[in-house]
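Participant: Assemble the whole structure, with the sequences as input and the hints as a guide.
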Amino acid sequence: MTDLLKTPLHSSSVSRGAKMVAFAGHEMPVSFPEGVLKEHLHTRAKAGLFDVSHMGQIVIRPKSGDLGDAAAALERLVPMNVIGLAEDRQRYGLFTDSSAGILDDLMFANRGDHLFLIVNAARKVSDLNHLQAALGDVCEVEPFERGLIALQGPSAERVLSSLNADAGNMRFMDVWPLNLRGVPAIVSRSGYSGEDGYEISALPSHIMDLAGWLLEKEDVKLVGLGARDSLRLEAGLCLYGHDIDETTTPVEAGLEWAIQPSRRAGGERAGGFPGDSVILDQIAKGAKRRRVGLLPEGRAPMREGTELHAGEDGEVVGRVTSGGFGPSLGAPVAMGYVPIDLAAPDTRLFGSVRGRMLPVTVARLPFIETRYKRA
Amino acid sequence: MLKYTEEHEWLKVDGDEVIVGITEHATEQLGDLVFVELPEEGRVVARGEEIVTIESVKAASDITAPLDGAITEVNVAIVEKPELVNEDPLEDGWFFKMSLADPSELDALMDEAAYREYIA
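Protein chains in written order, with the working numbering: chain W, 1 to 375; chain Y, 1001 to 1120.
Because the hints were derived from the structure by calculation, they are not lab data.
What you were told as hints is all true, and nothing was included just to trick you.
Mimicking EDC-like on lysine to aspartate or glutamate, the simulated pairs with C-alpha atoms at most 20 Å apart in a straight line are:
#1 K1081/Y to D1092/Y
#2 K1058/Y to E307/W
#3 K1058/Y to E27/W
#4 K1081/Y to E297/W
#5 K38/W to E1080/Y
#6 K373/W to E87/W
#7 K6/W to D209/W
#8 K1058/Y to E1007/Y
#9 K1081/Y to E34/W
Some chain Y residues flagged as far from chain W (calculated, every beta-carbon gap over 12 Å):
#10 E1041
#11 A1046
#12 R1047
#13 G1048
#14 D1088
#15 D1092
#16 S1099
#17 E1105
Just so you know, even glycine gets a beta-carbon here, dropped at the ideal spot from N, CA and C.
Facilitator: Spelled out as structure tokens, the structure:
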């Protein structure tokens, strides 16, 4: 694994016995000796610390000095309201293409004089090129060379507040510059586990110190990518390249909640993003298929790629895009795409597992009650 | 005395039968088990035949019959609680018992020293 990049927490993970795997060009911890199940349950009960430094961080600065120009420029690439995003706040976004496919999902924040983006590791190079090509006329688009760690779980607020009490005053999707025991960091109250928590961006040379301070707390344990995946699956959150990609539209993926009214038909800046005609049409009329939650009966997980059938002898009507075991549910959970007439909760389908048709029921997402700090 | 296969199963002679499970090394490689499907009792099996399906948090795998014989009993407790296999692979986490077509075939399997060397 010599060609793989190492994150600032790499040696910490290895010294704690992590099983390391190649992921998006980085050598990343998939699990620690306790194992995925316990790491998952620990995160929901107390707090998990995740190394997510492999993700891409990008800064967009308006050449004019007016952030409105950068926001307007980014609106050319995403069907989101960027102009109306208040300072110190972030939103979930999608880069779409001309056929309404999804090029990546991201978080974007208003940092006063610039926009700050967090994108998927496997997409960061193409996202950067995409942004530079489309926004280069009015913006400086630069990678932001920082490490990133996520602290997730009910103890996260108390733990991070011990480094800076202001952390406790943040609410869901706030993005604040915080001094954490002398270390300058950009902190967002967000994450990808369904729990309350934070993502902390800081210089790579400071990440080890920050992680060390957090891991001193009894409630905090390092958690690998394996549990990160089962946590986000239970929370009904999409994994790029699996649940969403160039072949799925935002409406098919059930992500229209992320498209604000200002960008929809009748809004003050309706359309004007790649794939707008298809996406606005699907918002109005619905898409032919939809991403749904799936609860297999019995204990056998239905993994990604499992074919879905309307009846035991029926043809293939859809496919699982993410599936595994949900430790907090104590049962297998999955997501996948099905035709719209089979997308209603409680619809009974069959998944073909090792040559057998096993019953599976369409379920509302998320599978767990999320605990974001909205108020 | 335990015998071992290259598929990371252990076999323990118990009267006329052998008890079969997977090794601690195997459970460490697999990660937490979340699903186990066992063969029906009485089934006649051939060495190498896939007779058990297990799924860990990571992936599905098959466990093969270690030798020719017939399944005499299965451990339903691990179907209800697959984590027993991770917690106690050598005792409570056993998979099935079988009667061997030719008990002398046991002699060809690895002993503990040979297995330790095999996984080293």
